[in-house]
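A.B. asks: The primary structure of each chain is shown beneath.
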Amino acid sequence: QTEIEFWHAMGGQLGETVDQMAANFNASQGDYVITPVFKGTYEETLTSAIAAFRAGEQPNIVQVFDAGAATVIGAQGATVPVEQLLSDNGVAFDREDYISGVRNFYADADGQMIGMPFNSSTPIMYYNADALEAAGVTAPATWEEFAETTAPALLEAGYIPLAQSHLPWIFTENFFSRHNLQFASNDNGYTGVDTEIMVNHPAIRAHFNALTEWQEAGYFEWYGTGWGDNQDPFEAGEVAMWLGSSGSFGGIADRVDFNFSAAMLPYWEAVTTEPTQTFIGGAALFAMSGFDAAENEATAAFFDYLASTDNQVFWHVATGYVPITTAAYEAAAEQGHYEEFPAAEVGVQQLQLPAGEFTRGYRMGFYVQIRDVMNREYGRILTGETSVEDAFETIEAEANELLARFAQTQG
Amino acid sequence: MAQVTLNQVRKIYPNGAEALEPSTFTIPDGELTVLVGPSGCGKSTLLRMVAGLEEITEGELSIGDRIVNDIDPANRNIAMVFQNYALYPHMSVAQNMGYGLKNRGMDKAQIAAKVREASEMLHLDEFLDRRPSQLSGGQRQRVAMGRAIVRDPDLFLFDEPLSNLDAKLRNQMRIEIRALQRRLGTTAMYVTHDQVEAMTMADRIIVLNAGTIEQIGTPNEIYEHPASTFVASFMGAPPMNLLRGDAKGGAVTLKGGQDVPHARADGHDGPIQVGIRPEDTWPDPAGDLAFDVDIIEELGAQRLLHGHVSGQAFSVAVPKDKEAGTGNMQLSVKPGAVHLFDADRGRRL
Amino acid sequence: MAQVTLNQVRKIYPNGAEALEPSTFTIPDGELTVLVGPSGCGKSTLLRMVAGLEEITEGELSIGDRIVNDIDPANRNIAMVFQNYALYPHMSVAQNMGYGLKNRGMDKAQIAAKVREASEMLHLDEFLDRRPSQLSGGQRQRVAMGRAIVRDPDLFLFDEPLSNLDAKLRNQMRIEIRALQRRLGTTAMYVTHDQVEAMTMADRIIVLNAGTIEQIGTPNEIYEHPASTFVASFMGAPPMNLLRGDAKGGAVTLKGGQDVPHARADGHDGPIQVGIRPEDTWPDPAGDLAFDVDIIEELGAQRLLHGHVSGQAFSVAVPKDKEAGTGNMQLSVKPGAVHLFDADRGRRL
Amino acid sequence: MKRAAFGHISFPILLLLPQLVIIAIFFYWPAGYALQSSFYLEDPFGFGSTFVGMDNYTRLASSSSYMDAAWFTLIFTSLVTFFALAIALLLAVKADKVIRGARTYRTLLMWVYAIAPPVAGLIGVMLFDQSRGNITQLLGMMGIEYRLGVNYWDTASAMITVSIWKQIPVNFIFFLSGLQAIPQSVREAAMIDNRSGTRRFWDITFPLLAPTGFFLLIINITYSLFDTFGIVDTIVKGQPGNNPMTLVYRVFVDGFRGQDLGGSSAQSVVLMVLVLILTIVQFRFLERRIHYT
Amino acid sequence: MAEISETQVAATAPTRPVKRIRWDTIGDHAVLIAGALLMLVPVYMVFATSSWDAITIHREGMQFGFGEDMGVNYNAALFEYGGFTDSVNGVTMLANSMILGLGFAIGKIIVGMMAAYAIVYFRLRFATLAFWMIFTTLLLPLEVRILPSYEVITAMNLGNTYTGLIVPLIASATATFFFRQYFRSVPEELIEAARIDGAGPVKFFIDILVPLSKTMIAAMFIIMFVFGWNQYLWPTLITTDESLFTLVRGIRQIIQSYADGSETPDYGQAAALAIIAMTPPVLIVVFFQNWFVKGLTESDK
Ligand SMILES: Nc1ncnc2c1ncn2[C@@H]1O[C@H](COP(=O)(O)OP(=O)(O)OP(=O)(O)O)[C@@H](O)[C@H]1O
Ligand SMILES: Nc1ncnc2c1ncn2[C@@H]1O[C@H](COP(=O)(O)OP(=O)(O)OP(=O)(O)O)[C@@H](O)[C@H]1O
Ligand SMILES: O=P(O)(O)OC[C@H](O)CO
Ligand SMILES: [Mg+2]
Ligand SMILES: [Mg+2]
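Chains as they are written, first to last, in the working numbering: chain A, 85 to 495; chain B, 21 to 369; chain C, 21 to 369; chain D, 59 to 351; chain E, 3 to 303.
There may be inaccurate statements among the hints.
Taking lysine-lysine pairs in the DSS-like style, the calculated list, with each CA pair at most 25 Å apart, reads [to be verified]:
1. E:K205 to E:K216
2. B:K354 to C:K340
3. B:K268 to B:K354
4. E:K216 to C:K122
5. C:K340 to C:K268
6. C:K122 to B:K354
7. E:K216 to C:K340
8. C:K354 to C:K342
9. B:K340 to B:K354
10. B:K340 to C:K122
11. C:K342 to C:K275
12. C:K188 to B:K340
13. B:K340 to C:K134
14. B:K340 to B:K188
15. B:K188 to C:K268
16. C:K354 to C:K188
17. C:K354 to C:K340
18. C:K122 to E:K205
19. C:K268 to B:K340
20. B:K354 to B:K342
21. E:K216 to D:K155
22. B:K122 to B:K134
23. C:K122 to C:K134
24. C:K354 to B:K342
25. B:K342 to C:K134
26. B:K188 to C:K128
Chain E side only, calculated, beta carbon under 8 Å to chain A, not exhaustive [unchecked claim]:
27. H60
28. L149
29. T156
30. P189
31. R254
32. T266
33. D268
Ranges of calculated distance between the beta carbons of each label pair, as one might list FRET restraints [stated by the list, open to error]:
34. B:R202 to C:E80: 49 to 55 Å
35. C:E80 to B:E318: 47 to 53 Å
36. D:L344 to A:T275: 56 to 62 Å
37. E:M158 to D:V156: 49 to 55 Å
38. D:V339 to E:V43: 36 to 42 Å
39. A:T275 to E:L42: 58 to 64 Å
40. C:G205 to B:E318: 19 to 25 Å
Since the hints were derived computationally from the structure, they do not count as laboratory data. For each residue, glycine too, the CB sits at the ideal point set by N, CA and C.
In isolation and in its complexed conformation, chain A is listed as follows:
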């Protein structure tokens, strides 16, 4: 029997589900034994894995979140690309099996998958159906509709119309993908390390200017950088619409006592009339290098097992994360999952919207710090400490400086 280790960042019930899947895998065959180990937050997990790699103690599989992807993928030789791993070990693999939004995010410029998408999510708009009904509106498809129709009505009905969690993810990265705007040079960073961010775009500046106006008008409220702080008022029924992760579905379902549903992330008609798919969030699994063929074979077997339709459906249903393969999506639909929970389908659909030139993903080093810069500046915008224009200049400047530094580390 070959033993392999799998480090992840899934706490609470998610962790239990991971354990469950691992146990199932071990029970399903007799050749390989996988041991999942909880290593703290995403950041802690990644850092542990890096440290372990440097000490030659790395796990076979590590879970890496979106913002850390550039670091892992940049470090060629630290991981074995999944596609290669799978084909080396004779596992049938076809990129086309994967949902289009999922396929490219953890792939290289040529589309070769480096990381195995695992817990994938995407930002969607949850809404309080009772509230919308009371206000006599439906979920807005565009921001124009929101500003003109939805928000005034909801405000009138006594609700704070809109809140969101995670400005860098939802209102920046996915703003760019939803409108198919270029986010960074070098094909969003896929084709080189000397990348420059292109965040200071008029469209997004306009969006943030709109946000501040909405905030003043009472259409939008910002509760700080913390994810939950923005989600709580929605669950409490104070906020009518909330932008969050498709993976938030399970939690909301447990906790709210009103009818809720979800819609796709709105877009600006002024920017595009052909909105595109969004990026995936969440995390992927990477096979670390430095292991013998037998262990890599076990890793490949586990990945294969994970990607199987049954398991994807199980994971999707149990956690709210999107299924990563089309087959799994269809299977879930067949089971009637979406009839029961229409909101659970929104994320998958959004990820299957038409792709654009810049919707594959983005690859930028030191991206965790870049997000910190964004968060800082956005916070300052929304507390009136800076202007939108200044903020974006600062973000772009600081981000580019970080990118340049990252490029140097790769040299």
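Given chain A, put chains B, C, D and E with the ligands in place with the hints provided.
C.D. replies: Same frame as chain A, now just chains B, C, D and E with the ligands:
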């Protein structure tokens, strides 16, 4: 005004040791009262209760007209010299002495003057800037003394304040303290083991023994009329000779057979104790008491003859210029200097 | 075997104070040497250097044949009683006393026996289980003593070991310590302020003054032939009277005019100091010295007459049975008891 | 060093050895490593690294957000150190003084220390939480709008409060044990010399407590500077955003979370140098005034 | 004389005055009670909260009153096996935390006392240097040097061992510094007496210094035990073996999702675990209370 009154005051330590049996007495205002007694008899305990540092187990303690059982030490307006000095280790000598004054809001110049004055009296002027740890034992003790005397309290409490000084300095100190206390008219309680100190300084002496008060009186009363054999043998160096004897019709006969001159014990027939101080008797061929000298001890100014009278231990002090040898001799006894005590409890008859 | 030799030993404290000037002397094996001197003169410092607790600034110190300057105190095989007791606060009395024995690997039963023996001698048997904080000052001091005497060291060092005991107990202790030291034949150094202790216990006395050795000698030598006015006035209570005078052709005249009887200062013409002990002179209508008495002090066994001779302060000790009053009188002086010293340095002529 | 110190040579070295070996391996080695990597830009996996000289340092000097963090750290450290010490000292003095209930008070006051930091942090955020925080609600009733995570100073005050709260028991325990070691007789002498308990405290108790106080001062400064990062992290929920942050949290954010090894090493080195200067200053100027025996 | 006094006594039998109200004592208690409340109300709330279900807590925050899930939460916290290998439950995590707490506290105190002893009580030429070398370690918390430390531990093959968990944490000067401060204020006379009594360095240390430092050791022990007990980041980094998981890690795993809101963390169970995690340290505190008795260096009279 600052008389100290104890009314059935008693002290039992948490471990059950009774350090002071219920005691009642008054220390008159303005007097200096010396406490004497063997080691461990309760002197420090008594002082510490007056100071408020030790809880009073039972009874009532007043200073002036106030019952102070529950009054904080700081509010009793006392000054105390501790047996172990208790100096503030982080303060210089001058600061140690001035601390009590500073707290009473005296201005700096005045404090400095007072400290200087006291330190001169105590020969500490060169050491004013030193820390206690850089002083000799006697110097520390003097600092402790200085800390008390710079103050102008209602009551002085001195716990063996001169024990670590040489005879000469001690002599000086004793006189100066006495003078100071008289001048200020401050009531004082003074613990000492030094008989000379006790005799010369005290207005009144309290003799303590194992937690009980044996006698209270002026030095003269204590010395000339000891209330018990304990007091008699405790006060006086060398101590009073105590001999067992019998009284019959007023006359007193020693156990070994001799009659005691100048002794009348009317109405106390039966066993008895006879006390004669070594300096109240002297070699005199015409004397009445046969004495058998074993050894002679030289003490400088005087000489002690140790031996037996009627087979019982007996000492005689003679001035060093008087010739003396061992062997048998006769002793004369000073009339009126024979003390009689009952045989079992040792109380004066 | 355990004689102590100092060869130009000197001590300067880090703050620059010279506590002992370079001194050379020997403490003979088996003898008990008493150190006396005013407070702060360097007695404890000397003892502590012998113990190895204080670094020797200069010179060489040997115990027995070993130069011990660099030997650890633990390896000097000494026992010491500290002036401030230095008891281990966390150990009971018995443990405090037994600790040194335990360190020498003695077995439990033997330690217990030794401790019991010592504690009986020191009247501490009831307190064996107590912590030092539950003892009176004198009891603590006795524990400190006990800690030393249970041991069987090469050298005893006692720093005012009896200062907090009452006269009676002190008397007993003194005799017992002396006997013990004799019996064991252990060399001992003993600091005391008590003249009686010094005179009765010492084989030899060292008189220290401000870091220098004034005189080394037997008690008798020190008392009868003080080497300096310092020694003369330091040893003896009340102290020797010192009068200024002039010598001329051997005869000595006091500054105020009177001639001094029995005094010959041949070859020392000029200013001179004359010493007469208070007990070496007595009221005698036929005496040669005119004395003017101001006050009389009662000390129990004797009486002190304080007054003036030729206008200079003078005291006379009389036995208490001698009548005495204030006013003018004549004094006789004991032949051979007049001490002469040079006028400026005070050295004996 | 004691006056009557032992003169041995090899024995004390033996005593020091475990400590020295441990710190050599687990402190000096990593610290040297931090120093070295502060001059490089390094790929976290160790594949590539570029020598950049003082770049990592000059970058900090010119970063306004770094300077903001430095300022905040100064304010934060001063307040936390001061209040954590002052409140603990007050409580310790009182607990030392009362006779009745002393044990109970001691136990209760030490108790909180037993709370695990993540739990303490969680208690903190939950109490101060924007929508369900009990303290937020209390303040709301008093008409104070309190918005943790949105308003800079609201967040700062929560960080400061929780940090103080968490540190009080430590200080309390050490102050209490320090108080116990003050000779009773000296306190008694002071009781006679001084009517005012407060003055007595400042004149006698406090100076004699100084060795413990000095220890605690340094420990508290290092606590506020370094050990509070867990609290900061919990309160900002891992996303500093526009909220205040301390310098060490930045080290953690950039290094442990962000894998910018060179940059965060430079920050560590700056911190170390700052604290080293601070402590040298304290030793030179404060310890002189401490009286040990 | 004594007789005379006795007659006086009979006249005025002492009547103890009614105890005065001691305002300062009341003040002292008021301060202590306020302090205890400040410290303890949050703890109480954790306890109350541990009796509720996750949803309620998530919606309403910390609770003052008691709910109905006390039994469920504590049972789950203590006895439900978690983790992948099902080898850990509250009880085993408790045991691991205990080993970490004890090992760390004892190790640190021993190492620290030894070093402080060497610095304070020996005439060592490089004592100051040694002190400074040790002292500077106060400056860099483990979190900042965690990655290199990890490399050392793995290089020494100490990953997944208690030694590897404990020893690097000891590499800081707190204990040494603290004992140095205390030793310096221990009266000089004690080492003098001990040396005269023939005690060498070892005996003095064991017989005199350690017993005298009891209070200080107790304080240090409480602090260090809890510090070790509560370690999180380091154990997470260096252990992968679930049987080495500690309570705090268990708590973290439960409340991990608090910040991102994707699911409802099991607050009740976390609170229960927090209470359980608090119990042994509190017991240690109660136990060492007895060491906090006054008067080791006291020498009154
Ligand atoms: N640590 C020190 N630093 C500086 N000077 C000191 C120190 N210890 C003692 N001295 C000084 O040295 C001198 C001698 O001190 P020592 O303790 O030997 O005196 P002593 O003869 O024992 O006096 P006492 O009879 O008062 O105990 C004193 O003047 C004292 O002030
Ligand atoms: N804290 C205590 N606990 C128990 N017993 C104590 C305590 N303090 C003193 N004692 C005992 O009480 C008795 C009286 O002690 P105290 O200190 O008053 O004696 P003292 O007369 O001052 O003796 P000394 O002349 O030796 O100083 C002694 O037997 C002593 O052992
Ligand atoms: O909450 P998740 O797991 O969907 O992740 C959201 C974003 O990817 C955070 O980077
Ligand atoms: Mg006493
Ligand atoms: Mg001395």
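A.B. asks: Take the hints in turn and mark each one as holding or not.
C.D. replies: Against the structure, the hints come out as follows:
At roughly 16 Å between alpha-carbon atoms, E:K205 and E:K216 fall within 25 Å of each other, so this suggested pair holds. With a C-alpha separation of about 11 Å, the suggested pairing of B:K354 with C:K340 holds against the 25 Å cut-off. Straight-line distance between C-alpha atoms of B:K268 and B:K354 comes to about 22 Å, which keeps the hinted pair within the 25 Å bound. Restraint check: the Cα-Cα separation between E:K216 and C:K122 comes to about 22 Å, which is no more than 25 Å; the hinted pair holds.
Note on C:K340 and C:K268: the hinted pairing is violated, with a Cα-Cα distance of about 38 Å set against a maximum of 25 Å. A threshold of 25 Å between alpha carbons decides the hint, and for C:K122 with B:K354 the separation of about 56 Å lies outside it, so the pair is violated. Only pairs whose Cα atoms come within 25 Å are accepted, and E:K216 paired with C:K340 is rejected, the gap being roughly 59 Å. Among the hinted pairs, C:K354 with C:K342 is consistent with the structure: their alpha-carbon atoms are about 17 Å apart, no more than 25 Å.
Between the alpha carbons of B:K340 and B:K354 the distance comes to roughly 19 Å, so the proposed pair stays at or under 25 Å and holds. Restraint check for B:K340 and C:K122: the C-alpha separation of about 48 Å exceeds 25 Å, so the hint is violated. Of the supplied pair hints, the one linking C:K342 and C:K275 is violated, its CA atoms being roughly 30 Å apart against a limit of 25 Å. Among the hinted pairs, C:K188 with B:K340 is consistent with the structure: their alpha-carbon atoms are about 23 Å apart, no more than 25 Å.
A threshold of 25 Å between alpha carbons decides the hint, and for B:K340 with C:K134 the separation of about 41 Å lies outside it, so the pair is violated. Using a Cα cut-off of 25 Å, the hinted pair B:K340 and B:K188 holds, with the two alpha carbons roughly 22 Å apart. A distance of roughly 32 Å separates the Cα atoms of B:K188 and C:K268; the hinted pair therefore is violated under the 25 Å criterion. Proximity of C:K354 to C:K188 is assessed by CA-CA distance (about 32 Å); at most 25 Å being required, the pair is judged violated.
Taking the CA atoms of C:K354 and C:K340, the gap is about 19 Å. The hint holds against a cut of 25 Å. For the hint linking C:K122 to E:K205, the alpha-carbon distance of about 10 Å falls within 25 Å, and the restraint holds. For the hint pairing C:K268 with B:K340, the CA-to-CA distance comes to about 31 Å; that exceeds 25 Å, so the pair is violated. Only pairs whose Cα atoms come within 25 Å are accepted, and B:K354 paired with B:K342 is accepted, the gap being roughly 17 Å.
Taken as a hint, the E:K216 and D:K155 pair is honoured in the structure, with Cα atoms around 20 Å apart against an allowance of 25 Å. Proximity of B:K122 to B:K134 is assessed by CA-CA distance (about 11 Å); at most 25 Å being required, the pair is judged to hold. Using a Cα cut-off of 25 Å, the hinted pair C:K122 and C:K134 holds, with the two alpha carbons roughly 11 Å apart. Simply put, C:K354 and B:K342 have alpha-carbon atoms about 11 Å apart, close enough for the 25 Å limit, and the pair holds.
Proposed proximity of B:K342 and C:K134 is contradicted: the alpha carbons are some 44 Å apart, above 25 Å. At most 25 Å may separate the alpha-carbon atoms for a hinted pair to count; B:K188 and C:K128 exceed this at roughly 46 Å. Taking 8 Å as the C-beta cut-off, the interface hint given for E:H60 holds, the closest approach to chain A being about 6 Å. Given hint, E:L149 at the interface with chain A, holds; its Cβ is 5 Å from that chain's nearest Cβ, closer than 8 Å.
The criterion of a C-beta within 8 Å of any C-beta in chain A is met by E:T156, whose closest approach is roughly 4 Å, and the hint holds. Violation of the interface hint for E:P189 is found here, the shortest Cβ-Cβ separation to chain A being roughly 49 Å, above the 8 Å cut-off. Interface hint status for E:R254: upheld, as the beta-carbon distance to the closest one in chain A is roughly 7 Å, under 8 Å. A hinted interface residue such as E:T266 counts as satisfied when its beta carbon comes closer than 8 Å to some beta carbon of chain A; here the least separation is about 5 Å, so the hint holds.
Checking E:D268 against chain A: minimum C-beta separation of about 7 Å stays under 8 Å; hint holds. For B:R202 paired with C:E80, a C-beta distance near 53 Å keeps the hint of 49 to 55 Å intact. C:E80 and B:E318 have their C-beta atoms about 36 Å apart, which leaves the hinted 47 to 53 Å range violated. Between D:L344 and A:T275 the beta carbon distance is about 59 Å. The supplied range of 56 to 62 Å therefore holds.
Against the hinted window of 49 to 55 Å, the Cβ-Cβ separation of E:M158 and D:V156 comes to about 50 Å, which satisfies the hint. For D:V339 and E:V43, the Cβ-Cβ distance of about 39 Å falls inside the hinted range of 36 to 42 Å, so the restraint holds. Here the CB-CB span from A:T275 to E:L42 is close to 60 Å, well matched to the stated 58 to 64 Å. One distance hint, 19 to 25 Å for the beta-carbon pair C:G205 and B:E318, holds here, with the actual separation near 23 Å.
In this structure, the hints that do not hold are numbers 5, 6, 7, 10, 11, 13, 15, 16, 19, 25, 26, 30, 35, in rising order.
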